[in-house]
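Participant: Sequence:
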Amino acid sequence: MIIRRVLNNNVVDALDDSLQEVIVFGKGLGFRSKPGERVDQSLVEKVFRLEDDAASRHFASIVDSIPAEILTATADLVARARAELSAKISDSLYASLADHFVFAVQRARDGGDFTVPLAVEVRRYYPSEYAFAKSAVTELNSRLDVDLPEEEATSIALHVINAQVGGAADSAARLMELTHSILDIVRLHFGLHYDDANSSYLRFVTHVRFFAQRVLLGETVQRDDAELLRILTEQKPAAFSSVDKVDAFVKRSHGHAMSASEKVYLGLHIANFL
Numbered sequence: 001m002i003i004r005r006v007l008n009n010n011v012v013d014a015l016d017d018s019l020q021e022v023i024v025f026g027k028g029l030g031f032r033s034k035p036g037e038r039v040d041q042s043l044v045e046k047v048f049r050l051e052d053d054a055a056s057r058h059f060a061s062i063v064d065s066i067p068a069e070i071l072t073a074t075a076d077l078v079a080r081a082r083a084e085l086s087a088k089i090s091d092s093l094y095a096s097l098a099d100h101f102v103f104a105v106q107r108a109r110d111g112g113d114f115t116v117p118l119a120v121e122v123r124r125y126y127p128s129e130y131a132f133a134k135s136a137v138t139e140l141n142s143r144l145d146v147d148l149p150e151e152e153a154t155s156i157a158l159h160v161i162n163a164q165v166g167g168a169a170d171s172a173a174r175l176m177e178l179t180h181s182i183l184d185i186v187r188l189h190f191g192l193h194y195d196d197a198n199s200s201y202l203r204f205v206t207h208v209r210f211f212a213q214r215v216l217l218g219e220t221v222q223r224d225d226a227e228l229l230r231i232l233t234e235q236k237p238a239a240f241s242s243v244d245k246v247d248a249f250v251k252r253s254h255g256h257a258m259s260a261s262e263k264v265y266l267g268l269h270i271a272n273f274l
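The letter at position 149 of the sequence shown is residue 149 when you use our numbering, and the numbering goes up by one with no holes.
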């Protein structure tokens, strides 16, 4: 690897053998190093491979203020998130988590308050992300010798959710709001009481979440399913009657007209738990 910039005594911005930009961490790695020199491989502890240029620049801009132990913990947790969660994780998670951990650890050591909004929604709509975040809290407490409370899991989960939808600051809140609204439309239409232990309901929630994500990103699933929609609407009129309400809502609130394919999948998920 060739050094591009020395960020501090422990971190350098470099190019790997494939000429991909990487952020390389190691104790003393940047000390007396200069651009154009080869990275001393014997000092390398972690390599951050960021494919997104904007995320790489942002991470490089804050890395000087991040303690070494938080940098390494962040790298390990991002790798775990990518391995354990089904959604694609943006490079923006490196910077957002590392920056957050600095303040969270300091707040815990100062005895600060950890009240976090959206805790109930995160646990209900993002059980996988929340479970990952709870394990991350346990790992951080062990590695950093700190006492982060369980409530911190909500904040970590929100950062992970944001990274799934592009890293915008309010993405998770908007995604949960839209997901909750769609679930509420279906619940009120049928007078349901949702059962969080029902596997069909949990699959429905997952489907609605990804549908809501596509709505926010302006994406539509387009297949030639018009005839299938007509047949299913006749066969399962109760389930598909609520789909029209969801279509009207997202059209009014987000300018999104549901395609026949989106209506088919949503209606089938609803039919499965009715």
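Treat the hints with care, as some may be off.
So the derived label-pair ranges between C-beta atoms look like this [stated by the list, open to error]:
1) Q41 x R214: 41 to 47 Å
2) N141 x I2: 33 to 39 Å
3) D184 x I2: 23 to 29 Å
Straight-line alpha carbon distances no greater than 35 Å define the calculated DSBU-like cross-link-like pairs of lysine-lysine that follow [claimed, not checked]:
4) K134 x K236
5) K46 x K34
6) K27 x K46
7) K34 x K134
8) K88 x K27
9) K134 x K88
10) K236 x K251
11) K88 x K251
12) K46 x K245
13) K46 x K88
14) K88 x K245
Calculated from the structure, these hints are not laboratory results.
By construction, the Cβ of each residue, glycine as well, lies at the ideal position given by its N, Cα and C atoms.
Participant: Next step is simple, just say for each hint if it's right about the structure.
Facilitator: Here's how the hints hold up against the structure:
1. Q41 x R214: 41 to 47 Å: holds (43 Å)
2. N141 x I2: 33 to 39 Å: holds (38 Å)
3. D184 x I2: 23 to 29 Å: violated (55 Å)
4. K134 x K236: violated (40 Å)
5. K46 x K34: Answer holds: K46 to K34 is near 19 Å, not above 35 Å.
6. K27 x K46: Given pair K27, K46 holds - Cα atoms ~10 Å apart, limit 35 Å.
7. K34 x K134: violated (41 Å)
8. K88 x K27: holds (31 Å)
9. K134 x K88: With Cα atoms ~20 Å apart, K134 and K88 stay inside 35 Å; holds.
10. K236 x K251: Given that 35 Å is the threshold and the Cα spacing comes to 23 Å, the pair holds.
11. K88 x K251: Roughly 27 Å separates the two Cα atoms, so the pair holds.
12. K46 x K245: Distance ~50 Å between K46 and K245 Cα, so the pair is violated.
13. K46 x K88: holds (21 Å)
14. K88 x K245: holds (30 Å)
Violation of the numbered hints given earlier is confined to hints 3, 4, 7, 12; the remaining hints are satisfied by the structure.
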